[in-house]
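Residues per chain, in single letters:
Protein chains: 2
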Amino acid sequence: MYFDSAATSFPKPKEVKKAISNFFEQELGSFQRTDTENSDFIYETRRKLSDFFNVESPSSIVFTSNSTESLNIIIQGFLKNGDHVITTATEHNSVIRPLVKVKHEKNIQITWVKCDKYGFVNPDDIISSIKDNTKLVIMNHGSNVTGQVQDVEQVGQRLQKYDGKIKFLVDISQTAGHIKIDNSKIQADFLAFTGHKALLGVPGIGGFYINPKVDLPPFKVGGTGVLSELLEQPKAVPLKYESGTLNSLGVLSLYHSLDYLNSLTTDKIASDLKKKTCYFLDRLSKMENLEIYSLENPLGIISFNIRGIVPSRISHFLSKDLDLQCRTGLLCAPFIHEFIHNNPFGCVRLSMSYETTWEEINVVCEYLKNINEQAESIQNIKFPEIYEMPSIKNMEEYV
Amino acid sequence: MYFDSAATSFPKPKEVKKAISNFFEQELGSFQRTDTENSDFIYETRRKLSDFFNVESPSSIVFTSNSTESLNIIIQGFLKNGDHVITTATEHNSVIRPLVKVKHEKNIQITWVKCDKYGFVNPDDIISSIKDNTKLVIMNHGSNVTGQVQDVEQVGQRLQKYDGKIKFLVDISQTAGHIKIDNSKIQADFLAFTGHKALLGVPGIGGFYINPKVDLPPFKVGGTGVLSELLEQPKAVPLKYESGTLNSLGVLSLYHSLDYLNSLTTDKIASDLKKKTCYFLDRLSKMENLEIYSLENPLGIISFNIRGIVPSRISHFLSKDLDLQCRTGLLCAPFIHEFIHNNPFGCVRLSMSYETTWEEINVVCEYLKNINEQAESIQNIKFPEIYEMPSIKNMEEYV
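Chains A and B, in that order, give the protein sequences. Following the numbering used here, the residues of the first sequence are numbered contiguously, the last one being 399. Following the numbering used here, the residues of the second sequence are numbered contiguously, the last one being 399.
Hints in this document: simulated from the structure, not taken from any laboratory. A couple of the hints might just be wrong.
It does not matter which identical chain is used: a pair holds within one copy or between any two.
Said to hold, decoys possible - Here are the simulated DSS-like cross-link-like pairs (lysine-lysine), alpha carbons at most 25 Å apart as the crow flies:
1) Lys-14 <-> Lys-393
2) Lys-80 <-> Lys-320
3) Lys-240 <-> Lys-213
4) Lys-180 <-> Lys-240
5) Lys-103 <-> Lys-369
6) Lys-103 <-> Lys-80
7) Lys-165 <-> Lys-80
8) Lys-106 <-> Lys-80
9) Lys-369 <-> Lys-393
10) Lys-369 <-> Lys-275
11) Lys-106 <-> Lys-240
12) Lys-274 <-> Lys-286
Treat the numbers as computed from the prediction; the structure is a model and nothing was measured.
Start from the sequences and build out the full structure, keeping to the hints where you can.
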């Protein structure tokens, strides 16, 4: 059973599988070259994404290999000496580590904003952290740990009164494909996405939306297939950020998966996963030894621990007895665990998709009920506490 | 007919096609996580690549999305204020543009070394350019424009007497898979490769070898699936450079294509393409209006112009009449054209693979013979010379 959709979605739509299989029957040149007919599906996928996120122009969609690359291009490129940036305790290491790297290299200030025990960030805390030199707000739209979705619309709208002085970067890795991303409401300057999660594409494709009014230097530079005579990177977006051979297979997967998502609708997906998480949590809440970190959510995420048992042991049982794939630990988001109170071992994360069946959910609930009942008799393996847990209270500034 | 293998190889081995098609039938988690059985093929592919390049350790092979990314990680990461770097006129924009970017940001010196009229760089010119502050030599192993292969073994061996003070970066994008890359002879500290050319993988996968003794900071940082509690990038290679979700489909394609290449052998491929280019050039040499820029080569590249006709017009004819796909222009390598004397329009590049048939070659030769005979009567389209051609003579230092 596959309960790891929040890491990589499975299964992919049949249209995606078919297109990938057929890809190799075509004579394939370098697909991203803008002077060949074959490149059309690249542009078309940009168009589909710009519609999907409700942003103005297809050419404001840049392809990268994943969200991490998108976030690095933006964070390492945008922040300058003297800048202040506000971000949250729910961020993934793909935001934390670039910020820490920039802080080592440049004179920047970072304010880390707390979350509640389910991972919710109060928009007031973001807005009240604004200073004269604040240039960027970075928010994780949905927590990969708890499934909590943030009110980025409220933050985006409240940032409008700063007349574009403060840019807004939203990490939609975990939400895109699960819920409607309407940037006319969020008003983000940057949206960083990945293709292999709920967008139902293959691993190794991602990208970002960039507000055409924002000036951002390129990060990696090189061949662009056109304008070969320029010794510097061409200035036009998306070419500016897309040096080297694209993962055209990845783009093709999105070309087809977006059609599938549009026909199914994200509303239907969100509603389905809310029902499933609600039912799942209701069952878990009756088990006395369970600590639950998720609320009903459209991301399909259920995070918990069974008191006295380290999470990796639970996933071992699930794997051995149910052939179930899930994820445990800190889940690449080290700060949030301080607030949901499961340091230092993190939690078990079961994550579902639209394809997860009620039967599967019942089997897992039944199994966890048994574990819960035997919890006290399960001999736990004591892990040495070998590492010091990071805390935002140790960072220079936190709210 | 496909004569664009130097851009992207086609067809891929049937084992690659089959593996990609089957990929979606498996329950796929995040394959690069080192704690799951599924990740084995990632490690195995590193092992196959380390054998293929004859380098010591599988963990010195880093995956990236393409050569351009590899070259950016190395060039932007390695060069520091005060460093001198030596490179050549045959480089691709994936080397030139990162160097020009670093020069804008840091105080570095670059010496550009000339090539002869077929793109050959004299190793003496590299060695005689060495200064006290030389830290890096960058060489394109094989020219994507002419097919010329450089004597990187000689350069690598002559650099040994500098006791590791000068690192050696070889761009093997165009040669890996075509000829044996034996790093025990080249002694490069970095080998940058891409998967979608002669390594017969899919687009969007590449990587580099790094000498374990070399210290190179990470470029993009973020989630690594393990060691989530560290706020800084883990220091172990390859994790240090591999943040974010890998193109696991791309890695899988290399897993299988390397088996195919090992069973066929690069010696056989190189010998086949030498025969084909030799025959092709022999036929072209009898056509009076042809200017030929290639010598016999194992990369399968034939570059030429027909006097008085701009190259894009030739490819238009070839596409229209023979349904042939090839490439024309500057081919992302702006400096070499000054030395092979085809500025400002570049050339026509026909590039072959082991799968190219003698019948196809004969059809193309026959067709070009006709064009050649009618050359004077073909009305050329006059292109305005809208751009100034770059010249290494305008760079600060050239040899």
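Verification of the supplied hints:
no.	hint	in the structure
1	Lys-14 <-> Lys-393	neither (47 Å within a copy, 55 Å between copies)
2	Lys-80 <-> Lys-320	neither (50 Å within a copy, 51 Å between copies)
3	Lys-240 <-> Lys-213	within (14 Å within a copy, 34 Å between copies)
4	Lys-180 <-> Lys-240	neither (28 Å within a copy, 34 Å between copies)
5	Lys-103 <-> Lys-369	neither (46 Å within a copy, 63 Å between copies)
6	Lys-103 <-> Lys-80	both (10 Å within a copy, 19 Å between copies)
7	Lys-165 <-> Lys-80	within (14 Å within a copy, 33 Å between copies)
8	Lys-106 <-> Lys-80	both (7 Å within a copy, 16 Å between copies)
9	Lys-369 <-> Lys-393	neither (37 Å within a copy, 76 Å between copies)
10	Lys-369 <-> Lys-275	within (20 Å within a copy, 70 Å between copies)
11	Lys-106 <-> Lys-240	both (23 Å within a copy, 21 Å between copies)
12	Lys-274 <-> Lys-286	within (19 Å within a copy, 73 Å between copies)
Hint compliance for this structure: hints 1, 2, 4, 5, 9 are not met, and every other hint is.
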